[in-house]
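**Q** Here are the chains, one letter per residue:
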Amino acid sequence: MSDAESPTNPNLNPGAQTDDFEAVEVFPESTDMDLRPGADNCYKCTACDVSCPVAEVDDEFPGPKFQGPEQWRLKRKDDEPVDDSIMSCSNCMRCDDACPSGVPLSQMHNTARGEYVEKEMDKLSREYIRNRILANYGTLAQLGSMFPRLTNAMMGNSLVQMVNEKVLGITSERDFPAFATQTFREWWNERGGPKVRSEEKRVAYFHGCYSNYNTPEVGKAMVRVFESFGYEVVVPKQRCSGTPMFANGMLEDAKRAAGINVENFSGLLNEGYDVIASCTSCSMSLRQEYPELFDIDGIKDVSEHTYEALEYLRIHENLEDELREVSVDDQSFAYHAPCHARNQGLDRQSVELFRELDGVEIEDVGDSCSGISGTYGWKEEKYDKSMQIAADMFDHMEHAQGDVGMTECPTCSMQMEHGTGYDIKHPLQLLEEALV
Amino acid sequence: MAITDDVLVIGGGIAACTAALSAAETGARVRLLAHKKSTLRQASGLVDVLGYAGDEGPFSDPYAGLDALPEDHPYHIVGEDGIRDGLRLFDEAVGDAYQGGHTDTNALVMTHGGAVKPTARYPESVAPGLASSSGDMLLVGFENLTDFDAPVAADHLTAAGVPFSVRGVTLEFPKSFRSDAKVTRFAKALDRDESVDGGTARSVLADAIDAELDGETRVGFPAMLGDDHDDEVRDELADRLGVPVFEVPTGPPSLLGLKLEDMLFDALDEAGVRISAGNPAVDFEAEDGRIETVIVDQKSRRTPYEADQIVLATGGLVGKGIDSDREHITEPVFGCHIPHPEDRYEWSEPEAFGSHAFARFGVVPDDELRPTDEDGAVQFENLRAAGGVVGGADIAREKSASGVSLSTGAVAGRLAGEEATQ
Ligand SMILES: Cc1cc2nc3c(=O)[nH]c(=O)nc-3n(C[C@H](O)[C@H](O)[C@H](O)COP(=O)(O)OP(=O)(O)OC[C@H]3O[C@@H](n4cnc5c(N)ncnc54)[C@H](O)[C@@H]3O)c2cc1C
Ligand code: SF4
Ligand code: SF4
Numbered sequence: 015m016s017d018a019e020s021p022t023n024p025n026l027n028p029g030a031q032t033d034d035f036e037a038v039e040v041f042p043e044s045t046d047m048d049l050r051p052g053a054d055n056c057y058k059c060t061a062c063d064v065s066c067p068v069a070e071v072d073d074e075f076p077g078p079k080f081q082g083p084e085q086w087r088l089k090r091k092d093d094e095p096v097d098d099s100i101m102s103c104s105n106c107m108r109c110d111d112a113c114p115s116g117v118p119l120s121q122m123h124n125t126a127r128g129e130y131v132e133k134e135m136d137k138l139s140r141e142y143i144r145n146r147i148l149a150n151y152g153t154l155a156q157l158g159s160m161f162p163r164l165t166n167a168m169m170g171n172s173l174v175q176m177v178n179e180k181v182l183g184i185t186s187e188r189d190f191p192a193f194a195t196q197t198f199r200e201w202w203n204e205r206g207g208p209k210v211r212s213e214e215k216r217v218a219y220f221h222g223c224y225s226n227y228n229t230p231e232v233g234k235a236m237v238r239v240f241e242s243f244g245y246e247v248v249v250p251k252q253r254c255s256g257t258p259m260f261a262n263g264m265l266e267d268a269k270r271a272a273g274i275n276v277e278n279f280s281g282l283l284n285e286g287y288d289v290i291a292s293c294t295s296c297s298m299s300l301r302q303e304y305p306e307l308f309d310i311d312g313i314k315d316v317s318e319h320t321y322e323a324l325e326y327l328r329i330h331e332n333l334e335d336e337l338r339e340v341s342v343d344d345q346s347f348a349y350h351a352p353c354h355a356r357n358q359g360l361d362r363q364s365v366e367l368f369r370e371l372d373g374v375e376i377e378d379v380g381d382s383c384s385g386i387s388g389t390y391g392w393k394e395e396k397y398d399k400s401m402q403i404a405a406d407m408f409d410h411m412e413h414a415q416g417d418v419g420m421t422e423c424p425t426c427s428m429q430m431e432h433g434t435g436y437d438i439k440h441p442l443q444l445l446e447e448a449l450v
Numbered sequence: 039m040a041i042t043d044d045v046l047v048i049g050g051g052i053a054a055c056t057a058a059l060s061a062a063e064t065g066a067r068v069r070l071l072a073h074k075k076s077t078l079r080q081a082s083g084l085v086d087v088l089g090y091a092g093d094e095g096p097f098s099d100p101y102a103g104l105d106a107l108p109e110d111h112p113y114h115i116v117g118e119d120g121i122r123d124g125l126r127l128f129d130e131a132v133g134d135a136y137q138g139g140h141t142d143t144n145a146l147v148m149t150h151g152g153a154v155k156p157t158a159r160y161p162e163s164v165a166p167g168l169a170s171s172s173g174d175m176l177l178v179g180f181e182n183l184t185d186f187d188a189p190v191a192a193d194h195l196t197a198a199g200v201p202f203s204v205r206g207v208t209l210e211f212p213k214s215f216r217s218d219a220k221v222t223r224f225a226k227a228l229d230r231d232e233s234v235d236g237g238t239a240r241s242v243l244a245d246a247i248d249a250e251l252d253g254e255t256r257v258g259f260p261a262m263l264g265d266d267h268d269d270e271v272r273d274e275l276a277d278r279l280g281v282p283v284f285e286v287p288t289g290p291p292s293l294l295g296l297k298l299e300d301m302l303f304d305a306l307d308e309a310g311v312r313i314s315a316g317n318p319a320v321d322f323e324a325e326d327g328r329i330e331t332v333i334v335d336q337k338s339r340r341t342p343y344e345a346d347q348i349v350l351a352t353g354g355l356v357g358k359g360i361d362s363d364r365e366h367i368t369e370p371v372f373g374c375h376i377p378h379p380e381d382r383y384e385w386s387e388p389e390a391f392g393s394h395a396f397a398r399f400g401v402v403p404d405d406e407l408r409p410t411d412e413d414g415a416v417q418f419e420n421l422r423a424a425g426g427v428v429g430g431a432d433i434a435r436e437k438s439a440s441g442v443s444l445s446t447g448a449v450a451g452r453l454a455g456e457e458a459t460q
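Line by line, the protein sequences give chains S and F.
The first sequence begins at 15 in my numbering and counts up by one.
The second sequence begins at 39 in my numbering and counts up by one.
Excised from the complex, chain S in its bound form (with noise of 0.2 Å):
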């Protein structure tokens, strides 16, 4: 976690003033932090720009140094507005991770973002309310569930589609994706809970948006290779990770999701269980994010028994060696880590033992950004620069020997299919296939 990490030190509070310095409130709205000590840590490597796949291809972005300890500086001494252009970061979060130098960037852009978004933006633009829109797409996913094919077949209408675009700018170039039949919560419902029960291993499940409400399989293969390890799983009800909302800015929704999470989910550290996450937008968000940005009771603890699924196998059972003794039928990826993979050093774990696994042969296709970063990609007005960021991606992916992309992240698997039309799959999904 970056340095600024604690909202919580008593002498930062609104107005509180101590012999050392007074506190600056910077963002007095949306936050109690202080942000100051990252800012004074950057010592202009530009690292962070060189990293930055919004700035490679969008001329007007000034980069995370501006918008981060740049930006963060000038406010504190003239109070500055937030600039327009932290609209145009995708929170990837790449900055973070080039850093040599520890400043809390996107913690930073987050935060600007949010009082951009409260102080400055017009709530009856167009802008706004498409950002909301998206943003929100749990409201709308769940919607659109209750009558999923209806759903489908008006997203998938050009007619639709122009609408969408023309109202409210959002690219007419996707195809929205499909809406599952039964959604993962129906279908856990439906065979009743848990089918395994123990006192020593347990994991509550967050499932996130998108595999409740777009890919349920995720979630079953999830569950099933969990039971197969003799883990107790439970799915308490959740809200949106706030993923979406952070990086458009929504602080005070992502605030009430993640209230209801944070919730649900440290009642149960208590008896024992940890927290999985099948998606690493959720598994980032509920890790970093949280912490960083709020300040709710039990929020370190959720933050510190959330695991990405894999990663806790690994951790915890003798994955590799599992793996070496079964086979799988010949079958061969091209695969992406997403960005937010990569901050919690994720990003190879897939390849590494996949590797292991006979049948399977699996290239990492190297480290651009898929360039969707959930809803960026979905801004008529961001679609193409997107879309330039990610042809390295496709490039290589049409390199690689794979004909099937695999990824952890439900937007950029959007965004690999998009652009070559392979199919895509979970790295849960093999692992199903292998064990169970």
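Since the hints were derived computationally from the structure, they do not count as laboratory data.
Where a beta carbon is used, it is the ideal one built from N, C-alpha and C, also for glycine.
Careful: at least some of the hints might be erroneous.
Distance windows between CB atoms, simulated [said to hold, decoys possible]: (1) F:R382 / S:G281: 46 to 54 Å; (2) S:R87 / F:R382: 28 to 36 Å; (3) F:Q460 / S:H330: 23 to 31 Å; (4) S:G281 / F:G310: 39 to 47 Å; (5) F:V416 / S:G207: 53 to 61 Å; (6) S:D398 / F:P377: 54 to 62 Å; (7) F:D381 / S:D73: 45 to 53 Å; (8) F:R382 / S:D136: 52 to 60 Å; (9) F:E330 / S:A405: 44 to 52 Å; (10) F:G199 / S:A405: 45 to 53 Å; (11) F:S203 / S:R87: 42 to 50 Å; (12) F:T196 / S:D93: 49 to 57 Å; (13) F:E330 / S:G281: 30 to 38 Å; (14) S:R338 / F:D235: 56 to 64 Å.
Think about it this way: if two alpha-carbon atoms lie no more than 27 Å apart in a straight line, the pair counts; the simulated BS3-like pairs of lysine-lysine are [said to hold, decoys possible]: (15) F:K337 / S:K215; (16) S:K269 / S:K89; (17) S:K439 / S:K234; (18) F:K337 / S:K58; (19) S:K269 / F:K337.
Which residues of chain F face chain S? A partial, calculated answer using Cβ under 7 Å [stated by the list, open to error]: (20) R79; (21) K220; (22) G316.
Following the hints, put chain F with the ligands in place on chain S, whose structure we already have.
**A** Frame of chain S, contents of chain F with the ligands only:
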């Protein structure tokens, strides 16, 4: 259960990569554990072995300078064989992308300031610009790329007495970017040959230079000639101009350094080395003088990694392998002993380029590169050190940075691998 391997290499720079490749050659199962991107991204991309020692140099044969180095220099532990082994691993990892492997002699490469420095290996794209080869030079800089001032560099080179004429011009890049655009933006524009007023990036650029050429037989640019398709960019420019083109290594962020990093990581992949990047090693558990577990801080949670042998390659003061505050110099992961004068004022000399004590700070290795304590005893039986974290070398003055990393990496990695697979 922890994540378990035979050899765990901690670090992500050139020392760590070499140690991992070297350990993998012994058949050991190796993991590289890196926190941030390495200093390779800022480094020039050149691989220096030894240019100067004490008051001697520049050496045309780096091995000839070994005797002039102080007794506690890491080169004396690894010896000439260790240096050669490090270079061999490097050459195998980067293939044709680097030159210099055909000879023991240092090449004289120009730096972006217009100085000339002795180096052992250099990127292929740099080769036509060697100060040791002949041919008049035109250096081209760009208004928006302030890192490289071509006329100044040309003056410096001329003043250094090179046996050919050098002229520098500053041009406008065919496509206009924001005033602080990144070098990667220029590289991408050439990679993709983006369309610009009057044609495409490559052709318009070549035309502008052609108009400037005045009999020069080679043309140099700051290192920005393409990223993924760099060969193609250079070939096309050379074709259009009718003379070879070359790149001059730049300061951070350095495209040549970035590319070297990619090549080394590809080589790790190829060698089957497992990689965990993005989180720092912060702690350890030891028993009977052996490190049993290394603890990694994975976003506020502690993940255990186990290995039979461990190589510490976390870099020096820049890479964060060595920490300092006003009183102390420490090695933050294992608390290895780093000798330093009690008095802070003895850490450095008044002159910026003086013989600073801090430059040589680092762990004190035994003859197997294991860090020792104040009494000279081995600190942990299964821990070895490589690269910038090892003390005794003044890499900036000696021009020995990558050489020290390569050779100590090669030797530490091999010893660790052999021990683990015994
Ligand atoms: C600006 C600049 C220019 C240079 N120019 C040249 C040149 O012209 N010629 C030359 O030969 N050399 C040059 N070098 C030096 C060279 O590139 C290397 O930096 C040097 O060899 C040291 O390498 P290293 O692998 O020991 O450490 P570093 O490259 O410093 O790498 C250290 C690595 O360890 C990681 N790390 C640190 N702590 C932890 C931890 N707790 N857990 C996990 N990982 C950790 C870091 O994230 C980093 O990846 C230059 C360096 C710089 C900075
Ligand atoms: S989060 Fe991603 S898009 Fe935003 S500034 Fe950082 S690197 Fe750029
Ligand atoms: S990488 Fe970190 S230190 Fe370097 S410019 Fe960016 S914020 Fe500053």
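**Q** State for each hint whether it applies.
**A** Here is how each hint holds up against the structure:
{"no.": "1", "hint": "F:R382 / S:G281: 46 to 54 Å", "result": "holds, 52 Å"}
{"no.": "2", "hint": "S:R87 / F:R382: 28 to 36 Å", "result": "holds, 30 Å"}
{"no.": "3", "hint": "F:Q460 / S:H330: 23 to 31 Å", "result": "holds, 30 Å"}
{"no.": "4", "hint": "S:G281 / F:G310: 39 to 47 Å", "result": "holds, 44 Å"}
{"no.": "5", "hint": "F:V416 / S:G207: 53 to 61 Å", "result": "holds, 56 Å"}
{"no.": "6", "hint": "S:D398 / F:P377: 54 to 62 Å", "result": "holds, 58 Å"}
{"no.": "7", "hint": "F:D381 / S:D73: 45 to 53 Å", "result": "holds, 52 Å"}
{"no.": "8", "hint": "F:R382 / S:D136: 52 to 60 Å", "result": "holds, 56 Å"}
{"no.": "9", "hint": "F:E330 / S:A405: 44 to 52 Å", "result": "holds, 46 Å"}
{"no.": "10", "hint": "F:G199 / S:A405: 45 to 53 Å", "result": "holds, 46 Å"}
{"no.": "11", "hint": "F:S203 / S:R87: 42 to 50 Å", "result": "holds, 46 Å"}
{"no.": "12", "hint": "F:T196 / S:D93: 49 to 57 Å", "result": "holds, 51 Å"}
{"no.": "13", "hint": "F:E330 / S:G281: 30 to 38 Å", "result": "holds, 35 Å"}
{"no.": "14", "hint": "S:R338 / F:D235: 56 to 64 Å", "result": "holds, 59 Å"}
{"no.": "15", "hint": "F:K337 / S:K215", "result": "holds, 23 Å"}
{"no.": "16", "hint": "S:K269 / S:K89", "result": "holds, 24 Å"}
{"no.": "17", "hint": "S:K439 / S:K234", "result": "holds, 13 Å"}
{"no.": "18", "hint": "F:K337 / S:K58", "result": "holds, 24 Å"}
{"no.": "19", "hint": "S:K269 / F:K337", "result": "holds, 20 Å"}
{"no.": "20", "hint": "R79", "result": "holds, 6 Å"}
{"no.": "21", "hint": "K220", "result": "holds, 5 Å"}
{"no.": "22", "hint": "G316", "result": "holds, 3 Å"}
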